[in-house]
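> Protein chains in written order, with this note's numbering: chain S, 1 to 335; chain V, 1001 to 1335; chain D, 2001 to 2335.
It should be emphasised that the hints constitute simulated quantities derived from the structure, not laboratory data.
Any given hint could turn out to be false.
FRET-style restraints, in silico, Cβ to Cβ [as the list claims (entries may be wrong)]:
#1 S:SER326 x V:GLU1158: 30 to 40 Å
#2 V:ASP1041 x S:SER326: 18 to 28 Å
#3 S:ILE182 x V:MET1001: 17 to 27 Å
#4 D:SER2105 x V:MET1001: 54 to 64 Å
#5 D:ARG2280 x V:LYS1292: 22 to 32 Å
#6 D:THR2274 x S:ALA122: 17 to 27 Å
#7 D:SER2105 x S:ALA122: 32 to 42 Å
#8 V:ASN1084 x S:VAL106: 28 to 38 Å
#9 S:ASP290 x V:ASP1021: 36 to 46 Å
#10 V:ALA1324 x D:ASN2278: 38 to 48 Å
Just so you know, these numbers come straight off a predicted model, no measurement behind them.
A virtual CB, placed ideally from N, CA and C, is assigned to each residue, including glycine.
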Amino acid sequence: MKIKELALLIEGTIEGDDNVDITDLSGIESARQGDLTFAMDEDKLGQAEGSQTVCVLTTRNSRKSTKTLIRVTNPKLAFLIAYNAFHESVSGESFIHPTAAIADSVILGKSVHIDAHVSIEANVVIGDHTTVESGAVIRKNCQLGVHCHIHPNVVLHENTILKNKVVLHSGVIVGSDGFGYIRDREEIYKFPQLGTVVIEDAVEIGANTTIDRGSLGCTMIGAGTKIDNLCHIAHNVKIGKNVIMAAQCGIAGSTVIGDNVTMSGQVAVIDNVTIGQNVRIGGQSGIIGDIKDNAAIWGSPAREVKQTKKQMAVLAWLSKNFNALSQIIKEKDQG
Amino acid sequence: MKIKELALLIEGTIEGDDNVDITDLSGIESARQGDLTFAMDEDKLGQAEGSQTVCVLTTRNSRKSTKTLIRVTNPKLAFLIAYNAFHESVSGESFIHPTAAIADSVILGKSVHIDAHVSIEANVVIGDHTTVESGAVIRKNCQLGVHCHIHPNVVLHENTILKNKVVLHSGVIVGSDGFGYIRDREEIYKFPQLGTVVIEDAVEIGANTTIDRGSLGCTMIGAGTKIDNLCHIAHNVKIGKNVIMAAQCGIAGSTVIGDNVTMSGQVAVIDNVTIGQNVRIGGQSGIIGDIKDNAAIWGSPAREVKQTKKQMAVLAWLSKNFNALSQIIKEKDQG
Amino acid sequence: MKIKELALLIEGTIEGDDNVDITDLSGIESARQGDLTFAMDEDKLGQAEGSQTVCVLTTRNSRKSTKTLIRVTNPKLAFLIAYNAFHESVSGESFIHPTAAIADSVILGKSVHIDAHVSIEANVVIGDHTTVESGAVIRKNCQLGVHCHIHPNVVLHENTILKNKVVLHSGVIVGSDGFGYIRDREEIYKFPQLGTVVIEDAVEIGANTTIDRGSLGCTMIGAGTKIDNLCHIAHNVKIGKNVIMAAQCGIAGSTVIGDNVTMSGQVAVIDNVTIGQNVRIGGQSGIIGDIKDNAAIWGSPAREVKQTKKQMAVLAWLSKNFNALSQIIKEKDQG
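Just chain S, same shape as in the assembly:
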């Protein structure tokens, strides 16, 4: 890619030789000949100058350099926009590994890449530029959009729908049976799990996360949402757009999570509650009721962050002043 194209894309100003081609983007430590890297400060700029990089993204006001610079407002953000653009433009040819098992009725788009030991069952439709890596299993009637990336050993159960640019990391399970049982006298009956899962555009889901299918309706993950590793999304959960959910969170059945919610790790949310938009949730919180829009909550059970912090401080203070406190109560008891 020409350096001029890149500068245009990230609204940057070139300083130095602008007749340079970029072969790849990398961190300073691993920069090779032809790479572009970024430097947030002058220390890092010094390091970059000592590396084989040909071009450095840096701030608007840092010092001049022996390397070609592209000056931008936020070098880190510019780097990632550049990186994503750079890697998106590389589009492979169609490839199907000879060990893949693909049913006759499967419909494959253009430039689809299917790797070793993949299984794709009847009536699956896969959009253009989608990659399915080794060992992934795509069961009957699934529909995958364009530019999806299915990493190794992912499983998509029957009727799963992935829109476009969905990334599922290794070991993700989508569409497994929900956990729906009814105890009646001495028996446990399983409620049929007949629904499906719909995952909208640009969703990314972390390694070994599991997403159950709806029991009768569907489980939904809204556009732009990012879910980290080892999360559990139960049947009929509806997650809004642009939600960020850190690792090992668990969302129980039929719960609704609004747009732009941010959730730290190991949060648990019970079934059938609604979390509003823009809510921020602290790590290891346990949510047992509805939460209003824009709230910041923490604790198990979760309350407003302020309230949780005050209770923690009060308990610490009481613990420190325990002798006086117990003396007062003893005196009271004695009358």
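Mind docking chains V and D on chain S? Use the hints.
Chains V and D in isolation, oriented as in the chain S frame:
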């Protein structure tokens, strides 16, 4: 299936045309021509009348309908009993995908279904009507009963025993090494993990759950028990019958869990304790000692629900009345 | 193996027939003809005498027996040293299952074992005596040392480095993308994940655990460290040597964990903190700041164990004495 057979099975009364065949069961939203659905109230009954369903399970006392009704005491329970019966009666022929790698010494029952890229190692025995889906790995000497369902990418390690009607969802690992180490001076030694896992009838285990094998004895999951996704069952754990364990619970080594226990999500239980029968455990509880039969516990560390709730209320009240409290203590300190 | 060799290895004294060959080691319950077992006390010794075992490891001062004894100071530790030595000495011949998909440029050492449906991509190097079991996926440019054991359905992403004697249990994912996003106005941008993972000698990682690769640098797991099932290790985390981490722990990005740390289950550690050497961490702890060497901590948020326990006791006491306390405050309020 004839509607009369179905009505008999669920102890229902037919109202309307009883000369109808059912082709499948489904939720109201997705009902197709020939399907049976259920309606818990008259609103839902109205919806069902507008759908293509031929027959509706409903309550004993709801209004009459243009559709054929089967009246029962609990339509939801009746629906799932009907659903399970309906789907059980469909028994496939034997099938082995040409890409499956099956050792010569493996013994397969009748109507066994083995899908793409499955590996089955020496001396495995698989019972009648059992299905093993794509990418599953069954290592040496495993024994699987009849009507088991092994979903994609499950791994069964050596010597695992599954009784009948066991369902393992995608990505489940059974029989991995237990986490047994001894620190001695500067070294960590691994204790050999030589035991196995026994999973009894009608157990169902959720996606990406892991069950370690016993170190010397065995890890046991009792008949009828249901375990949700991403749970961890350590070596030598004994889980009783008809236990319901929600997602992301972790049970440490050699712990015993009694029959009919119900556990919410993200519960942790330490090693070598005993949880009695019929115990109910709230979400995110941390259990660090034995628990008596029939207890209801919650919290980390877990206590009786009543006690945990009272402590939470007291702390909230103290936090609210902190000014008065701190004033009293200051006065006391001053004499 | 000759009993004399074994006794030498574990610094034991033989009592009885020393002209015996050991065919395997096992627990008392499952001992077969030719096996060696161990007995920590005389009860167990009695059980061992009733079994088919030919030789029993026992304490220095227990009674005489009809079986050949090897007397040692710690029979359990001796048993596991013997077990490991015994099983290490069994070294298979090279084996490649015909269904494995191995790129031409892959370099395999001596006595490498590769099982069914394994995928190994370009430029991978695998050391002597390493085993890769069914369904494992090893992506481009990975390097595996000698005597590694990769269990079924493990995934190693590009450029992962495993040193020697690394054991990865079934379903482990190494080198998945880290969870790095930047919210900017209405958009979420993904930060490129270009780094790698380095796992040092004798590390063992439990089933379905996920280890993300560094965003620009690398994620490191130090020699001798043991990680249990379903843990999450985020990008750029550095874990020291001989750490023991129980199941379902989550370590957020760029956090550093010192040597010899011991962590119970379901612990969460936030990003960018440092945990010192020899720290012991109680179950379900939530760590939100740096921790000094040799500390013992517990709670969410975590404090010194003593402090956490005192706070719990104080709250329990206040809850019990709530009536008196509320009376005092009421009187104060009333003037």
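> So, against the hints stated earlier in the document, which numbers end up violated here?
Structure breaks hints 1, 2 and 6.
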